[in-house]
Amino acid sequence: MIILLLQQMLNGLQLGSVYALIALGYTMVYGILRLINFAHGDIFMISCYFGFFAACAFLSKGLPTWLAFIATMMVSMLLTALVAVLIERVAYKPLRYAPKVSAVITALGIGLFLENFTLATLGPTPRGMPALLPNVNYRLGPLSMSSVQILIIIISIVLMFLLDRVVQKTMTGMAMRAVSYDKTTASVMGVPVDKIISITFAIGSAVAGAGGVLYSLAYPIINPYMGVRIGWWAFIAAVIGGIGNVRGAMLGAYILAFVEVFTPMVLPSSTYRDFVAFTVLLIVLVVRPTGLMGRVTAQKV
Amino acid sequence: MGPKSRITLVLVLLGFALCIFIERSGLLSAYILQISMYVGINIILTLSLNLVNGYMGEFSVGHAGFMAIGAYVSSIITVRVFHNQMGPLVFPLAVIVAGIVAAATSFVVAFPSFRTRGDYLAIVTLAFNMIVKSVLENIDALGGPRGFMGMSRLTNLANVYAWCLITIYVVRNFVYSNFGRAVLSIREDEVASNLVSVNTRQMKIMVFLIASFFAGVAGGLFAHVMQFINPRSFAIQKSTDILVMVYLGGIGSIFGSVLGATVYTVLLELLRPLGVWRWVVGPIMLVVLMICRPTGIMGLKELSGLIPREEQVLKEKEGADVVTASD
Amino acid sequence: MSLLQIEGLTHFFGGLKAVSDFNLELANGEVVGLIGPNGAGKTTVFNLITGVYKPSRGRIRFDGHDLVGLQSCQIISMGIARTFQTIRLFRDLTVLDNVRLGHFAQARYGIRDALMRSAKFRDEEKRIKDKALELLEAFNLTRYAYVPAKALPYGEQRRLEIARALSSNPKLLLLDEPAAGMNPREIDELLERIAWLKDEFHLTIFLIEHQMRVVMGICERIAVLDFGETIAVGAPLEIQTDPRVLEAYLGKEVS
Ligand SMILES: Nc1ncnc2c1ncn2[C@@H]1O[C@H](COP(=O)(O)OP(=O)(O)OP(=O)(O)O)[C@@H](O)[C@H]1O
Ligand SMILES: [Mg+2]
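Keeping their order, the protein sequence lines are chains G, E and C. Going by my numbering, the first residue of the first sequence is number 161, and it counts up by one from there. Going by my numbering, the first residue of the second sequence is number 2, and it counts up by one from there. Going by my numbering, the first residue of the third sequence is number 1201, and it counts up by one from there.
Mixed in with the good hints there might be a few duds.
Straight-line Cα separation of at most 20 angstroms, SDA-like style, residue types lysine to any residue; simulated pairs [said to hold, decoys possible]: (1) Lys1254/C / Pro449/G; (2) Lys1350/C / Ala1380/C; (3) Lys1371/C / Asp1266/C; (4) Lys343/G / Gly333/G; (5) Lys1254/C / Thr117/E; (6) Lys302/E / Pro1348/C; (7) Lys260/G / Arg118/E; (8) Lys260/G / Gly300/E; (9) Lys1371/C / Met1278/C; (10) Lys1326/C / Ala1305/C; (11) Lys1254/C / Arg202/E; (12) Lys260/G / Gly119/E; (13) Lys5/E / Arg1322/C; (14) Lys260/G / Pro295/E; (15) Lys1331/C / Gln313/E; (16) Lys355/G / Tyr341/G; (17) Lys260/G / Leu301/E; (18) Lys1350/C / Arg202/E; (19) Lys302/E / Val264/E; (20) Lys1326/C / Phe175/E; (21) Lys1254/C / Glu191/E; (22) Lys1329/C / Arg173/E; (23) Lys1326/C / Glu312/E; (24) Lys1398/C / Ile1431/C; (25) Lys1254/C / Asn297/G; (26) Lys1329/C / Met207/E; (27) Lys1254/C / Val192/E; (28) Lys1326/C / Ile77/E; (29) Lys260/G / Gln313/E; (30) Lys302/E / Ala1380/C; (31) Lys1254/C / Asn200/E; (32) Lys253/G / Pro295/E; (33) Lys1350/C / Leu301/E; (34) Lys253/G / Met286/E; (35) Lys260/G / Glu189/E; (36) Lys1331/C / Glu311/E; (37) Lys1320/C / Arg173/E; (38) Lys1320/C / Phe175/E.
Calculated directly from the structure, the hints in this document are not laboratory data. Note that this is a predicted model, so its numbers are computed, not measured.
I would like the entire structure built from these sequences, with the hints used as guidance.
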């Protein structure tokens, strides 16, 4: 029993790391634009396809797998960032001062567009991600873990750590926080608001791009609808943690991953996991309307 | 009864006659008949969501959840309780009960709306939608993810027409009353609204009750056109569709909702030859619409025929010294 | 007999003590001023009375009822109305609708009447509209009745806020810096209007003002706040010469 628990914790850690990478994108964009970027889950899906095509191309060129892995990561992160910045420029920027609902609906529309466009061009057949990493199983006593698992956890944590540093310590991060606090003042103070917003989209999506490659290595089935469920879960994670808060997103992601991993151990079937996740979300929102680590703002009268 | 209401009555009755005639005569193909019913059902859905999102200014993205409840409840009544007996008699009742049950569940959304607004309430409604779907998927007695079938085709054009009229009538009377003004004031400034004596909590409960009742009704009608439902029919995509119709037609406008639902439903049918690509064109249209005309076709305006007389003739009656908005 | 009784009213925003042990009684028909420098806690006192915030400590009694813990709309329906420091009209609603909204709690028809448009509904709506138009007439706003509130000039918006407040039939009117942004001529007009209001509608008035000059004319008593503390309560003349008030307003170097 204990062993099963530990084993599942390890799985939860792996899943949580991927969720965290995606949740970061939601939270960063929300932090800076106060916009729930409902298209983010589908941006993640796109990144999986980028990863897939890149991996196939590099492997067919005969690159050694580890080099192909690094190159695939790079390509996927870069292309995903490009797509996201393009979306921001074309669809969200014109709506920056429009009522917020318009922007949110646009985001929903972009998400559906990405999904259906992929479906129309690449078809519904799932693709299998080629193995880029040697899958060795290590045994630690009765516990088993794969090299992929370890790598995912390590890379994710390193990425998150770097991102946290960027937001907290660099000039760009400071500018992001300034824009998030007050766009008008920030621009008066000389912060290039448009550029910072694009950078935020780029970083958030690049991280999701990394998440996409890592996810498809662990669960190597890619289809146009995969972004829906994973996107929603990452989104819930961001909200539970307090959307807009980078560390909150990571916390939320791990909580949610554990919920997902442990639900089938308690409830009869794994189909209950959506139910449990959304119930957790509802409870958190009712008890703490701005999430676990979100700041509470009182309305001034 | 004034001359205007008499004309309205005659028109309504003529409409009924027309519905029954069309259905009996087989003048229109089964396909067009079916699309017409979808248009009607979508009008009900759009108008009811407009009450929440347009008039009250909340952002609900889980309307399909209420619809799902209505669809399943009505189907259980007609199939499991009455075993498809006495269909035409039982059906109206089943639809009403469906609406009531859907309305009862709206408290799940209404109570959180006391404390949160905007994005967070949107998330609550979203969670509601997902939970409903997930619960339905896990009830084996209702077919689980495979869905529920066995309904006879009890929904007909006259039925849909009647419910459309009822929805329009109720929403219009609600909007042009003390309550409606209160709901509009919540959209503008909730705190101030409370401070001019509007009981905002009571109003929110009322609006969610009405909106979810009609969503439930629409679900009941839908289930008995389709004769087959499954939890996926009421996923977040369905909610998004309803949202699109609301904002396409224009928020805060009854006629806008009628237009939005009609245009969107018909357009999607016309695009059918495009195959998968039609699902690509739809979202693009939505995005372009949001960027170019975020207030929708009607843009906060109302067809004057839908505004009660007491509310509209005043302008001319009360003297020439009245300043109008264009000044 | 006192209409409003405030005892030991204290409020914290996080660690900030915005109002500290505030005590005041308003008798029926009185006009009382509340003054103090920026951030003294004046608006917070109004917010506490009208239930926007729940006080950390203290009691507020109005007309024999305890107000603490009630919702704003309940408090307003008991007979308290207010205006806001920065105008908070329903900008997209018409001027008439703004005023009709004040009648919300008085409408004597239920949802069923509204949905069926019963005779009761129509009578009530007519009564509400007539009363609202009457009020607009009294405030010289009739010609704007069907214009969205945001289209009004600033001075008219201020007037409309007061009209809207009066539409809920209050006994006590709270005015938060009604003279803000007005020139001396407009201020004189406002003072006249307030005096008229008080008699016409049998009001008790509690009024926040930033500038001492303005309150001196119409207030029978004045309370002075500084950093949440009550530093003086008394007749205008006493206040004007109180050394602590001068210090709060003019800074230490003068005294
Ligand atoms: N919602 C709130 N959250 C946190 N602090 C608040 C809030 N409202 C007011 N404050 C603080 O409480 C103190 C008192 O504010 P208040 O608005 O009551 O002052 P005031 O006397 O009305 O000042 P002014 O003359 O500027 O209107 C100020 O320091 C203000 O910043
Ligand atoms: Mg103030």
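Q.
Of all the hints numbered above, which does this structure not satisfy? Sort the numbers upward.
A. Numbers 18, 24, 25, 26, 28, 29, 30 - these are the hints that the structure violates, sorted from lowest upward.
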